[in-house]
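Protein chains in written order, with the numbering used here: chain R, 14 to 141; chain F, 42 to 612.
Since the hints were made in silico from the structure, they are not lab data.
The model shown is predicted, which means the values in this text are computed figures rather than measured ones.
Do not take every clue at face value.
To be verified - Derived lysine-lysine pairs resembling BS3-like cross-links, with alpha carbons at most 25 Å apart: (1) F:Lys140 with R:Lys120; (2) F:Lys466 with R:Lys55; (3) R:Lys86 with F:Lys377; (4) F:Lys354 with R:Lys86; (5) R:Lys86 with R:Lys55; (6) R:Lys120 with F:Lys143; (7) F:Lys128 with R:Lys129; (8) R:Lys96 with F:Lys354; (9) F:Lys332 with F:Lys45; (10) F:Lys590 with F:Lys128; (11) F:Lys103 with F:Lys611; (12) F:Lys593 with F:Lys409; (13) F:Lys177 with R:Lys120; (14) F:Lys377 with R:Lys89; (15) F:Lys139 with F:Lys103; (16) R:Lys96 with F:Lys473; (17) F:Lys332 with F:Lys301; (18) F:Lys280 with R:Lys89; (19) F:Lys354 with F:Lys332; (20) R:Lys120 with F:Lys354; (21) R:Lys89 with F:Lys354; (22) F:Lys294 with F:Lys611; (23) F:Lys518 with F:Lys593; (24) F:Lys473 with R:Lys129; (25) R:Lys120 with F:Lys139; (26) F:Lys590 with F:Lys409; (27) R:Lys96 with F:Lys177; (28) F:Lys301 with F:Lys280; (29) F:Lys518 with R:Lys86.
As the list claims (entries may be wrong) - What follows is a set of in silico ranges between Cβ atoms, one per label pair, in the way DEER data are often shown: (30) F:Gln73 with R:Lys55: 39 to 45 Å; (31) R:Thr102 with F:Glu43: 42 to 48 Å; (32) F:Asp588 with R:Ser85: 28 to 34 Å; (33) F:Asn578 with R:Lys55: 50 to 56 Å; (34) F:Thr591 with R:His95: 57 to 63 Å; (35) F:Pro347 with R:Ser85: 40 to 46 Å; (36) R:Leu126 with F:Gly104: 47 to 53 Å; (37) R:Pro123 with F:Gly154: 27 to 33 Å; (38) R:Gly110 with F:Gly334: 50 to 56 Å; (39) R:Glu73 with F:Arg558: 53 to 59 Å; (40) F:Lys139 with R:His95: 22 to 28 Å.
In this text, a Cβ means the ideal position worked out from N, Cα and C, and glycines have one as well.
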Amino acid sequence: MPVWVDPEKCNGCHGASQPPCLRMCPGDLIVKDHTANKAYLKYPEDCWDCLPCVKVCPEEAIEFHLSYQFGSKGAKLIPHIHKTHDQITWELIDTQGNSETFTIRTKLMPVELDEKVEGGTQTLDFSI
Amino acid sequence: MERKIIETDILIIGGGTAGCMAAVEAKERYPQLNVTILEKAHIDRSGCLAGGMNAINAYLNKGETPESFVRYVRSDSCGLIREDLVKTMSELFEYCVKKVEKWGLPILCDDQGNYLPRGRWNIKINGESLKPILAKAARSAGAQVYNWVAVTNLLTEGDRIVGAVAFSLRNGTFYVVKAKATIIATGGAAGLYRPNNPGDASHKTWYCPYNTGAGYAMGIRAGAEMTSFEMRYVALRTKDTIAPTGTIALGVKAPQVNAKGEQFMKTRYAHLGGDGAPTPYRTYGPLMEIKEGRGPVYLDTRGLTPEQSRELKSAYLDMYPSMVLYWAANNIDPSKEPIEVQTTEPYIVGGHCQAGYWVDGDRRTTLKGLYAAGDVSGGAPYKFVSGCWAEGVIAARAAGADIASMPPVTVSDEQIAAEEDRAFKALRSQGKVRYPVLPTDMEARLQKLLEQYAGGASTYYEMNEEMLQIARQRLAKFPADFDQLVANDLHQLMKVHEIMDRVDVAQTLVEHLLHRRETRWPSYQTRIDYPERDDVNWLKFVNSRLDPKTGKIEVLTRPYEQIIPGDRYKP
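All chains should be built: construct the whole structure from the sequences, respecting the hints.
Listed below in structure tokens is the structure:
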């Protein structure tokens, strides 16, 4: 599972219909369970490991995991977005717990918690 | 289904690298025109740039000129390119890069404020947010953006393209967009061949796995002339993560070494430029080391200083963060051990190679009213990001000028009804097909077929006439199964269209591979039955056109024209 939404940390961006993680996935792979008010990666096998969903989560609720076939679990890479939106600090922790940080310049565009969808998001009756 | 009719002046299909820049240029130059973007994902992070970029790899550093760039690209592409196209795009690199810098892209500079080069044609950027920067510019310029709208086909009226049809991934609305000009900017095609990694990493590809050849396919179905599909792109990438290697090879000047520690590019390929040999040979070289028993192959990063090592990691974080996590998870220190590399599944892409629409100097395709920009446009390799921007600019300028005094277009109701039926067929078939085929089923069959008979990684990308004939015959059977494809929801409906598009692209690809009876780009296009380059007979473009009435693909050739004098095999 390449990215994983921690259900303990995810607050569904409150009542958002289209929370940022869901919107920023270029593969349209993240959905929100509106009953549980949590987002999750519905199609892990289609994930590109590109990480916009991780960077954009206001709760830092999305963890980036390598597929197990690539290496042992336990190492972590966590992007922290600066409030000024002009820097991103990556926290890298290896399997022994050694950590290293990288602060890199960027130009992040502020993202709203929700966005209206043209035509709405009603459920379809596929039997027609 | 709900139907939404949109009338616009310029329709841009695909809000990616080329599409965003085309939208800005169109609105700035022709503010009175309506510009509409249809985007399959969300424009803020869609397509190739979703993860970011750490360099602009097509830029004229100090002392370079459009002519020197054409000479380099020509030699890097083994002597055959559309020199007119490569020249015109390079003339706009500066214009585009300066624009994006103004929008906020951090570009690394020296003390005097000059851009920091990473290689001869490269400058370093902090491009983690490059895509949202472009998206904001497109929106601010006044383009109307429709997110989560997947285009299924072009609309035609007589011999003119007059827009496109699409469906919403959120609510199933059927979009009919009538446009005086249509710019196609959907990118290239991944997922034709078996991917490098299985299971939950099957989309851990180098090329964006959501670029599924839609733009090629809808053009093929409408009868557009395509060029150079046989010049596939097989990339040399880091093992497992399939991360770009330019960051290592150019960024910290690491040479390729084989298992014995031999710098084989320097010894075996010295006559072609060693580690600077044309890009196909930088894939072919390591591939032969592995085939002949001298693998694995590495980029030798041993001896990097701690500063260089950190710089390398920082560069990957801006573009390909999984590389850094991979090193941490496997306790790899790139300064102490070399980085293993491997070759990728073949991609069809007009930005690194030159597969795509056959266009004129203004990026008009052979179909009236249709323009192509970026990876979907052919004949001009080495576009990368900035060349895609340049083509967006060129296409937008031409489209705006061409439609200056044009009346609104019309589309027949019959065509709209037929397209609506085609768009939603798989959804309506759900539960009604006795032996349903899932899009993933057809994908597996397609990937296996191309892998084994059309030069996949397992045959070292080699192919011959007999193998390709098998691929052609078996591919011909796929479309009959399109009626069996089913979708349970709108996401799966998108996957159904993606696989049908890839089948159309594959059929054209195999015709191109069959036609070129020489080996011009070893590894990208290795014909073991015609192993030599043959300038006498094949210094020309292989093009194709599907006749929409008969469904038959006609293959033809177009002459190469040398515009910039000099030895075509010298940079």
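Now the hints, each set against the structure:
With a CA separation close to 15 Å, the supplied pair Lys140 (chain F) and Lys120 (chain R) stays within the 25 Å bound. Under the criterion of a C-alpha separation no larger than 25 Å, the hint pairing Lys466 (chain F) with Lys55 (chain R) is consistent with the structure, at around 24 Å. As the CA atoms of Lys86 (chain R) and Lys377 (chain F) are separated by approximately 22 Å, the hinted pair is consistent with the 25 Å bound. Distance check on the hinted pair: Lys354 (chain F) and Lys86 (chain R) sit about 20 Å apart at the alpha-carbon level, within 25 Å; holds.
Of the supplied pair hints, the one linking Lys86 (chain R) and Lys55 (chain R) holds, its CA atoms being roughly 21 Å apart against a limit of 25 Å. Taken as a hint, the Lys120 (chain R) and Lys143 (chain F) pair is honoured in the structure, with Cα atoms around 12 Å apart against an allowance of 25 Å. About 43 Å separates the Cα atoms of Lys128 (chain F) and Lys129 (chain R), which puts this hinted pair outside 25 Å; it is violated. Straight-line distance between C-alpha atoms of Lys96 (chain R) and Lys354 (chain F) comes to about 23 Å, which keeps the hinted pair within the 25 Å bound.
With a CA separation close to 55 Å, the supplied pair Lys332 (chain F) and Lys45 (chain F) exceeds the 25 Å bound. Restraint check for Lys590 (chain F) and Lys128 (chain F): not satisfied, since their Cα atoms lie roughly 36 Å apart, outside the 25 Å limit. A distance of roughly 20 Å separates the Cα atoms of Lys103 (chain F) and Lys611 (chain F); the hinted pair therefore holds under the 25 Å criterion. At most 25 Å may separate the alpha-carbon atoms for a hinted pair to count; Lys593 (chain F) and Lys409 (chain F) meet this at roughly 21 Å.
Between Lys177 (chain F) and Lys120 (chain R), the direct Cα distance comes to roughly 12 Å. Compliance with the 25 Å bound is thereby established for this hinted pair. Restraint check for Lys377 (chain F) and Lys89 (chain R): the C-alpha separation of about 21 Å stays at or below 25 Å, so the hint holds. For a cut-off of 25 Å, the pair hint linking Lys139 (chain F) to Lys103 (chain F) stands: about 15 Å separates their Cα positions. Among the hinted pairs, Lys96 (chain R) with Lys473 (chain F) is inconsistent with the structure: their alpha-carbon atoms are about 53 Å apart, more than 25 Å.
A C-alpha spacing of about 14 Å is found between Lys332 (chain F) and Lys301 (chain F), which places the hinted pair at or below 25 Å, so the restraint holds. Straight-line distance between C-alpha atoms of Lys280 (chain F) and Lys89 (chain R) comes to about 20 Å, which keeps the hinted pair within the 25 Å bound. Between the alpha carbons of Lys354 (chain F) and Lys332 (chain F) the distance comes to roughly 31 Å, so the proposed pair goes past 25 Å and is violated. Restraint check for Lys120 (chain R) and Lys354 (chain F): the C-alpha separation of about 19 Å stays at or below 25 Å, so the hint holds.
Restraint check for Lys89 (chain R) and Lys354 (chain F): the C-alpha separation of about 14 Å stays at or below 25 Å, so the hint holds. With a CA separation close to 22 Å, the supplied pair Lys294 (chain F) and Lys611 (chain F) stays within the 25 Å bound. This hinted pair checks out: Lys518 (chain F) and Lys593 (chain F) have alpha carbons roughly 14 Å apart, not beyond 25 Å. A threshold of 25 Å between alpha carbons decides the hint, and for Lys473 (chain F) with Lys129 (chain R) the separation of about 34 Å lies outside it, so the pair is violated.
Taking the CA atoms of Lys120 (chain R) and Lys139 (chain F), the gap is near 16 Å; set against the 25 Å cutoff, the hint holds. Taking the CA atoms of Lys590 (chain F) and Lys409 (chain F), the gap is about 18 Å. The hint holds against a cut of 25 Å. At most 25 Å may separate the alpha-carbon atoms for a hinted pair to count; Lys96 (chain R) and Lys177 (chain F) meet this at roughly 19 Å. Between Lys301 (chain F) and Lys280 (chain F) the alpha-carbon distance is near 18 Å, which keeps this suggested pair within the 25 Å criterion.
At roughly 43 Å between alpha-carbon atoms, Lys518 (chain F) and Lys86 (chain R) are farther apart than 25 Å, so this suggested pair is violated. Checked against the given bound of 39 to 45 Å, the beta carbons of Gln73 (chain F) and Lys55 (chain R), roughly 43 Å apart, stay inside it. Look at Thr102 (chain R) against Glu43 (chain F): about 45 Å separates their beta carbons, and that is inside 42 to 48 Å. Under the hint 28 to 34 Å, the C-beta atoms of Asp588 (chain F) and Ser85 (chain R), about 55 Å apart, miss the expected range.
In this structure the supplied range 50 to 56 Å holds for Asn578 (chain F) paired with Lys55 (chain R), their Cβ-Cβ distance being about 52 Å. About 60 Å separates the C-beta atoms of Thr591 (chain F) and His95 (chain R), a value consistent with the hinted range of 57 to 63 Å. In this structure the hint that Pro347 (chain F) and Ser85 (chain R) lie 40 to 46 Å apart at CB is violated, the actual value being about 24 Å. Separated by about 49 Å at the C-beta atoms, Leu126 (chain R) and Gly104 (chain F) satisfy the suggested range of 47 to 53 Å.
A C-beta distance of roughly 28 Å is found between Pro123 (chain R) and Gly154 (chain F), which places it inside the suggested range of 27 to 33 Å. With their beta carbons about 40 Å apart, Gly110 (chain R) and Gly334 (chain F) fall outside the hinted range of 50 to 56 Å. Checked against the hint of 53 to 59 Å, the C-beta distance between Glu73 (chain R) and Arg558 (chain F) comes to roughly 57 Å, which is consistent with it. The hinted window of 22 to 28 Å between Lys139 (chain F) and His95 (chain R) holds, with their beta carbons roughly 26 Å apart.
Hint compliance for this structure: hints 7, 9, 10, 16, 19, 24, 29, 32, 35, 38 are not met, and every other hint is.
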